[in-house]
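There are 2 protein chains.
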Amino acid sequence: MGDIDANRCVLGVDTGGTKTALAAVDGHGRILFSKTISSPSTDEKMMVKALLDLVDWGISESANKGLDVRGIGVGCAGFILRDEGILAESPHVTWSMVPLKRLVGEHAGLPTFLDNDANVAALGERLAGVCRGVDDFVYIAIGTGIGGAVCIGGEVYTGHRGTAGEMGHTIIEPGGPLCDCGNRGCLEAVAAGTALEREAARFMDEDETSILRKMCGGDRGKLTGEMISEAAEGGDQAALEAFDYVAGYLGLGLVNLIHLFDPEMVVLGGGVSHSGHLLLDKIRDVVKERGIPALVEGATIVLSTLGQDAGLVGSAALAWEGIGRLS
Amino acid sequence: MGDIDANRCVLGVDTGGTKTALAAVDGHGRILFSKTISSPSTDEKMMVKALLDLVDWGISESANKGLDVRGIGVGCAGFILRDEGILAESPHVTWSMVPLKRLVGEHAGLPTFLDNDANVAALGERLAGVCRGVDDFVYIAIGTGIGGAVCIGGEVYTGHRGTAGEMGHTIIEPGGPLCDCGNRGCLEAVAAGTALEREAARFMDEDETSILRKMCGGDRGKLTGEMISEAAEGGDQAALEAFDYVAGYLGLGLVNLIHLFDPEMVVLGGGVSHSGHLLLDKIRDVVKERGIPALVEGATIVLSTLGQDAGLVGSAALAWEGIGRLS
Chain A
0 MGDIDANRCV LGVDTGGTKT ALAAVDGHGR ILFSKTISSP STDEKMMVKA
50 LLDLVDWGIS ESANKGLDVR GIGVGCAGFI LRDEGILAES PHVTWSMVPL
100 KRLVGEHAGL PTFLDNDANV AALGERLAGV CRGVDDFVYI AIGTGIGGAV
150 CIGGEVYTGH RGTAGEMGHT IIEPGGPLCD CGNRGCLEAV AAGTALEREA
200 ARFMDEDETS ILRKMCGGDR GKLTGEMISE AAEGGDQAAL EAFDYVAGYL
250 GLGLVNLIHL FDPEMVVLGG GVSHSGHLLL DKIRDVVKER GIPALVEGAT
300 IVLSTLGQDA GLVGSAALAW EGIGRLS
Chain B
0 MGDIDANRCV LGVDTGGTKT ALAAVDGHGR ILFSKTISSP STDEKMMVKA
50 LLDLVDWGIS ESANKGLDVR GIGVGCAGFI LRDEGILAES PHVTWSMVPL
100 KRLVGEHAGL PTFLDNDANV AALGERLAGV CRGVDDFVYI AIGTGIGGAV
150 CIGGEVYTGH RGTAGEMGHT IIEPGGPLCD CGNRGCLEAV AAGTALEREA
200 ARFMDEDETS ILRKMCGGDR GKLTGEMISE AAEGGDQAAL EAFDYVAGYL
250 GLGLVNLIHL FDPEMVVLGG GVSHSGHLLL DKIRDVVKER GIPALVEGAT
300 IVLSTLGQDA GLVGSAALAW EGIGRLS
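Going line by line, the protein sequences match chains A and B.
Here the first sequence is numbered in numbering that gives the first Met the number 0, starting from 0 and rising by one per residue.
Here the second sequence is numbered in numbering that gives the first Met the number 0, starting from 0 and rising by one per residue.
These are calculated hints, taken from the structure and not from any lab test.
Some chain A residues close to chain B (C-beta under 7 Å, calculated; not the full set):
hint	residue
1	Asp135
2	Gly158
3	His159
4	Thr162
5	Ala163
6	Glu165
7	His168
8	Thr169
9	Ile170
10	Pro173
11	Leu251
12	Phe260
13	Arg289
14	Leu294
From the derived model, a few chain A residues whose C-beta atoms are all more than 12 Å from chain B:
hint	residue
15	Ile30
16	Leu102
17	Leu239
Going by beta-carbon spacing under 10 Å, a handful of chain A positions derived as facing chain B:
hint	residue
18	Asp134
19	Gly161
20	Ile171
21	Arg183
22	Tyr248
23	Ile257
24	His258
25	Leu259
26	Met264
27	Glu288
28	Gly290
29	Ala298
C-beta atoms are modelled at their ideal positions from N, C-alpha and C, and glycine is treated no differently.
Produce the complete structure using the sequences and hints provided.
Okay, here's the thing in structure tokens:
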């Protein structure tokens, strides 16, 4: 990117159930300015209105700063019909079949692109995060649930109908705990935030000395991921065992992903990357122990470096990629 | 393919531990003539010699029939370094790091291509089998073990270093039976021929009336897949339960593959396709029951139609594909 492009940017929008953020991002993935608003409600029309207002603000702010906005990328939690630019379903908001790409694009008069949060986060890590310049990698977002994306040859692999990469709902323990999807033993049911809380409660029940008992006032329903992280940092046995449980299954899940996709890198993102140091050693041990050496030795396992910004930088990466395809 | 190409063919070679076959195959995947020899021994030099002799025979036989041989495709059980054209390791023969592509190519003076047996079988099904014209599919070869290949956009997906698609060694039951690879609960350990025999023996032990007891003379070590198929065809409960066990895990494995790759089709090949009717209903039931409807409803699950010929037609498909890339 030469000097001539120095004033070019795109707007990345990261929209979720509790907040929506916008950033102007340059071609190197650097955030030039940004703004975060609380999502006004779970109502579809209010959400769209707030989003369009934020885009208006971003465009006028860019103009004030002498920036030339080339396009807009929007990343959303939920099930996206990417080619049609439609947000079909979202876990947090009541919107359904919203033609978000067209609504934003027509409103702003700019090329606009839409994809789900995990896919854009993967693109963000590739543009400006831990896997810059890496073409073949698996991105796994571990939060309350597990999402992810597989990058092949530098592009997110979407499959025949656009639903590929659903790693959270691969079955890893057929007789295991119920998953939100109704199935049993999905990776998400044994290796994400909900599992961490469930297992911490179980280990806490077995361990009278656990500090977790105090932290949640004896009410296991009040245990949060933050409490468990804090307790684990302090050396609490029950909390450490809960992390160990989750990391063990993440390790198995990664073995499967590496055996199937043969990536150069596996990136762990999502909320869990804050507690990555509590997981990473065990994950690497399990991959080493249970993977076929010739298959797993080529894949590096790393933590996301974009953290909170993955969604914003990623939506921008989506826009840059889309504009590149158009031109 | 016009009339002008009617006399063009390639030679497909399917080489394994017990036998090696060669066929001349036209551009539509039709076998024009073929020959099968017993693999002379497990010795590497003898194997290469026998293979080159068979290729010589194929070339002179083609000349006799007025056929114009354009290239050679070789499919091998084992771990292949595809770009280098090297057979790195094989489960049945002692050969190691054999530059088979170069050896055959230089000997015959023809463009030669090498890949593993599952990858070529997938190409064969696409050229002339059940998934003709299908670009995105998963091929799973279920024999003594489980191999497979993932076709994306009409090409076998090989991953970053060429080892992708190792579906037999994805972990599906972490505390399950030991696998040949040393791991526990790989798909191969619960859903292939060895598992079928192990489970049939177990069900037979529990069932005094099972005909399997007679068939193997009471010696569970003598149970074969053929016996179990035959007994199941006759309605033997122990044999049927063994098929049910295997089909259950195959169903779970397919859920995972569909959730990850979003294919248009899943093809079941390998030795098990002979007994496909004993597996297919249960597999489809499990996929329907344990898959996410929106994700699995787009994928058709079918049996290979090439059967025994998949390796031959597939090696030929590999050659046609390779020649197409060169020209």
